[in-house]
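A.B. asks: Input sequences plus hints: build the corresponding full structure.
Chains A and B, in that order, are what the protein sequence lines are.
Take the first sequence: its position 63, counting from 1, is numbered 63 in the working numbering, and each next residue is one higher.
One gets the working numbering by counting positions in the second sequence from 1 and adding 1000 to each.
Think of the hints as simulated: they come from the structure by calculation, not from any bench.
Cβ atoms here follow ideal geometry from the backbone N, Cα and C, with glycine treated the same way.
Treat the hints with care, since some could be wrong.
Claimed, not checked - Here are the simulated distance ranges between beta carbons:
1) B:A1639 - A:V61: 24 to 34 Å
2) B:G1621 - A:V82: 20 to 30 Å
3) A:I66 - B:A1639: 18 to 28 Å
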Amino acid sequence: MLTLQSYLTLSAIIFSIGITGIIINRKNIIIVMMCTELLLISVNFNFIAFSHFLQDLSGQVFVFFILTVAAAEAAIGLAILVALYRNKKSISVSELNKLRN
Amino acid sequence: MILEYSLVVLLSPLLGGIMAAFLGKSFGKIFVNLVTIIGVSVSFILSAIIALEILESSAVINQNIYTWLNIGDQSFHIGLLIDNLTASMMVVVTFVSLMVHVYTIGYMHDDPGYHRFFSYISLFTFSMLSLVMSNNFLQLFFGWEAVGVMSYLLIGFWFTKESAIKANLKAFIVNRVGDLSLILGIGIIFSITGSLDYYDVFSGSQNIAQTELSLTSTWTVSALTAACILLFGGAMGKSAQMPLHVWLPDSMEGPTPISALIHAATMVTAGVFLLARMSPLFELSSTALSFVLIIGATTALFTGILGLLQNDIKRVVAYSTLSQLGYMVAAAGVSAYSASLFHLMTHAFFKALLFLAAGSVIVALHHEQDIRKMGGLKNKLPITYLTSLIGSLALIGFPGFSGFFSKDALIEAIGHSDIFGSGFAYASVLIGVFITALYTFRLFFKVFHGPEDDHHHDIKESPMSITLPLVLLAIPSVIIAWPTVGPMVFGSYFINAISQPDAYQIFGYEFTSAYGFLLHAFSSPVIYIALFGVATAYILYIHKPNILDNKTYESSFIYRLLDNKYYFDDLYENVFARQARNIGDLLWKVGDVKTIDNFIVNGTAYRIGNIANRIKVIQSGYIYHYALMMIIGLAIFLAWTILDLGGAS
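C.D. replies: And the structure:
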């Protein structure tokens, strides 16, 4: 029997992979976006796990919202990415430090 | 009616001065002349009317006009005290001021600061009047400071000349020393009587006399003596008594009309006026009187000697002013206030005359002041010559001239006195008479007689506006004493203003008439000494001038001592001025530059900049850095909450 704990552990592992991906990654902004998706998915995983074990559907409703928002966010992120590439001819994270100065 | 007149007397020079100051530039010279001279003329005419009125009724007006301020249950007023002393001072001040106003038209006619000058002298007249007309110490102090400020501005009138700026600073700083003493004296009086009004203070003078001030646990002094000596300290500053005399010779850097008005006739006599005004207090302290006497006599003799070696025409007259002020102060020291004030009055006329005559010579010689480059001007400047002669004779006390009566009366009083120091004082003033005659006629002979000097050409007599005041001042220099000596010195003219012993007690001489006094004088040594001085001057500077040419004389110790003015300037420079500058340097370099600027102000900015420089390294601009930061922050907050570090719950 799968327990709540194994779901939460899996979710934590996915979350950690996401964060590590964001922090360590130096090459590609697309990977950053993928990692963001991972973070969202790990949160969704938590929601569904709790929803199932607590017998409360509202958690699953939240997951739908989050998926919608994540899709929109991915679309905007990709659009920014295209605009960025047009300007800089590069999508390497290590070259993007425009926030400074 | 007198009260209203007095207010007009006080305020019309102020009005003239203000108008000249603010409107003078746009309305031109004629306007400036008109407003200031009308202002002072009105003052003079009304002063004369008041003086006559007072003389007739001998009424005393003591009236508060306006409440300046209230502090607790004390109120401080602006008020007028018009008695015989005030009235005669008013006449003298406004008359000399009027003469100087007229004279200035000619003397300053092409100076770019024309309207500024007129507004200054009008404002000075106002300040001086508010000093003499006040009925309380606070207003006196206001006037005292105001004349000091005007004197400062006028000495430094030609502010592009470095020596003028140094001289006006010196005058101002030396006067500060005196003013500090004056305000301390006023403070003692106020703390005991609780009032600044003259009459309240005088009626409480016994109270002051009985109070003892303890300086240490064992050493006490009488409050009255302390107050009197401190008040006299103020007078020493303003009236340039030794050792605070150093500023007056330097003040000759100012324009000549100023030297005549401020540094001869009016402002410097404020100290003598103060002594006379405070006579009810001084009379109660014989220590203070002896102090006054000794200071006055020392000044009279030793500054006169300095005049013998000066080569600047104005400085000779300045040293003579110092010496004559010494005479007045010494006379106040032997309680002969009336003689002192009488000398003040006659001196105002003939010294203003001498200064203006010196100015006339200076103008005629195109601003040459060195008497070694003058000579034989007798025929070229006839009016100046004649009026200078009158002024000089009055100054040395030649029988019949006004200076004779006043000086003889006060020497008589000093000779008759027997308070501590009077023997020294009598000897000093007698030698002083000789010295006075010597330097006065040295100047006179060197300028007007002797071989003609060829340094200057096309010398012609000064214009009317310069010679007219000379003539108008020469008249009182000759005759003013004849009708006034009786009532003012020996009579009861000042009885409502000055507290002094009976005339016979002071002078030991029964006055009958001015003519009788003249005859009496021939039995005293004074006039013979003066004539001997003139004869010496004649021999040394006209008859056998080569006596003074040898070298041993110039290298002697006494010559060097006198040439350096007894080293007073060096003493002050090396002791007080240098220490003050050192303290200032210390405060500037350590206190201001290091502590405040570098440590507090710049230090704060530097520290913030420094910290910011270190912190800005973390602002890398890489998103993943920020993300890491967020994660770390999140971890810290989570840890905080989970481990319950905040101690909440």
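A.B. asks: Would you pick out the hints that fail for this structure and give their numbers low to high?
C.D. replies: none
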